Each structure stands twice: as C-alpha cells, then as structure tokens.
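Q: Sequence:
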Amino acid sequence: MTIRRAAVLCNESCDQPPETDARMPGRAHHAARGVLEQVLARHGLAFGQQVTLRTLVAAGTPLTADDDVARVRGSLKAAPVDIRATLDALAARQSVLADDALLRPADAGRELLAAVGAETAPLAARIWGGTPDEDPAGAGRVLAPATERADAQLAELTA
Numbered sequence: 001m002t003i004r005r006a007a008v009l010c011n012e013s014c015d016q017p018p019e020t021d022a023r024m025p026g027r028a029h030h031a032a033r034g035v036l037e038q039v040l041a042r043h044g045l046a047f048g049q050q051v052t053l054r055t056l057v058a059a060g061t062p063l064t065a066d067d068d069v070a071r072v073r074g075s076l077k078a079a080p081v082d083i084r085a086t087l088d089a090l091a092a093r094q095s096v097l098a099d100d101a102l103l104r105p106a107d108a109g110r111e112l113l114a115a116v117g118a119e120t121a122p123l124a125a126r127i128w129g130g131t132p133d134e135d136p137a138g139a140g141r142v143l144a145p146a147t148e149r150a151d152a153q154l155a156e157l158t159a
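Per the numbering used here, the very first residue in the sequence shown carries number 1; after that it's consecutive.
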C-alpha cells in the first residue's frame, strides 16, 4: 500500500486528516448516492426519477415540460430525451400529473418523496453526522466555483 493510499484510508485515530484530491468529493457523492439508490430501489424508483420528481415538488408551482427538463438537466447533465422519458415513466406511475401542458407532482408523488425522505434521513445523519459546522461551508466555497467551471466546460464540449 502506498503512503498516499494509507493517508486516504486514515480514520479518526490518525493524527492528521486524510490527504485529499479532486476525486474525494466524487467518491463521497457516489458512496452516499449508493445508499440512496438502495432506498429508492425498495420504492421502485430510479435516481433520475427521484431527482425529476423532487424538482417538480421544489418548484412550488406547475412547470412546463421544457422548464422541468432544463432544471433537471442542470442537476443531472442528462439528455433532454432521457429526462422526458423519465417524466413519462413518472406519469405512468401516477406520480406526476399533466394539466394544460403544465406538470405538477401528484399526491402519490409527494407521498413517495416523503417516504423516501423519512427512510433516508437517519441514514444521511449517520453519513454526515459529526461533521464540524465549518466544514460544509468550506467545501461549498471550493465546490461551487469548481461546479461552475465544470458546467462551463461541459457547455463548451457539447456546443
């Protein structure tokens, strides 16, 4: 095992924090997402469906399909055709309703998100609990501009 690898594996008993590189936030995201996906699977929901449904709920008012696709695309970086297929799947399970070209979450969709949230809340508390209050703020200062630069790079590559 290399010294660098040993540093990454260091736990609370170490005198120094683990060495960090640009992959560390991604690894944390994928580990937490893996936990979420296990919960979602028990509810018959895919990750993209949860993000799409959550986007409609968070909007607070009905959205056009184009508006929802744009918002979800900002989060998932998925192709519009795939997001529209996700909307169709959510409509088929009656989690999303379409009224006069506007989409809104159905009561069943809101209940589904509430159930997932109730199940994931204690898991998230175990994953993120004990994190010093200043750490998320510091991470945000690093990750927000990195996300903006990555979004700009993606836009350039896909233009």
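Hints should not be assumed to be uniformly reliable.
Listed below are the simulated SDA-like cross-link pairs for lysine to any residue, each with C-alpha atoms no more than 25 Å apart in a straight line [what the hints assert, rightly or not]: (1) K77 to P17; (2) K77 to A152; (3) K77 to E134; (4) K77 to R33.
Calculated directly from the structure, the hints in this document are not laboratory data.
These numbers were taken from a predicted model, which means no experiment stands behind them.
Q: The structure should be examined with respect to each hint, and the outcome stated for every one.
A: Against the structure, the hints come out as follows:
Of the supplied pair hints, the one linking K77 and P17 is violated, its CA atoms being roughly 32 Å apart against a limit of 25 Å. Between K77 and A152, the direct Cα distance comes to roughly 12 Å. Compliance with the 25 Å bound is thereby established for this hinted pair. A distance of roughly 29 Å separates the Cα atoms of K77 and E134; the hinted pair therefore is violated under the 25 Å criterion. Of the supplied pair hints, the one linking K77 and R33 holds, its CA atoms being roughly 16 Å apart against a limit of 25 Å.
Of the hints listed earlier, those the structure fails to meet are numbers 1, 3, in rising order.
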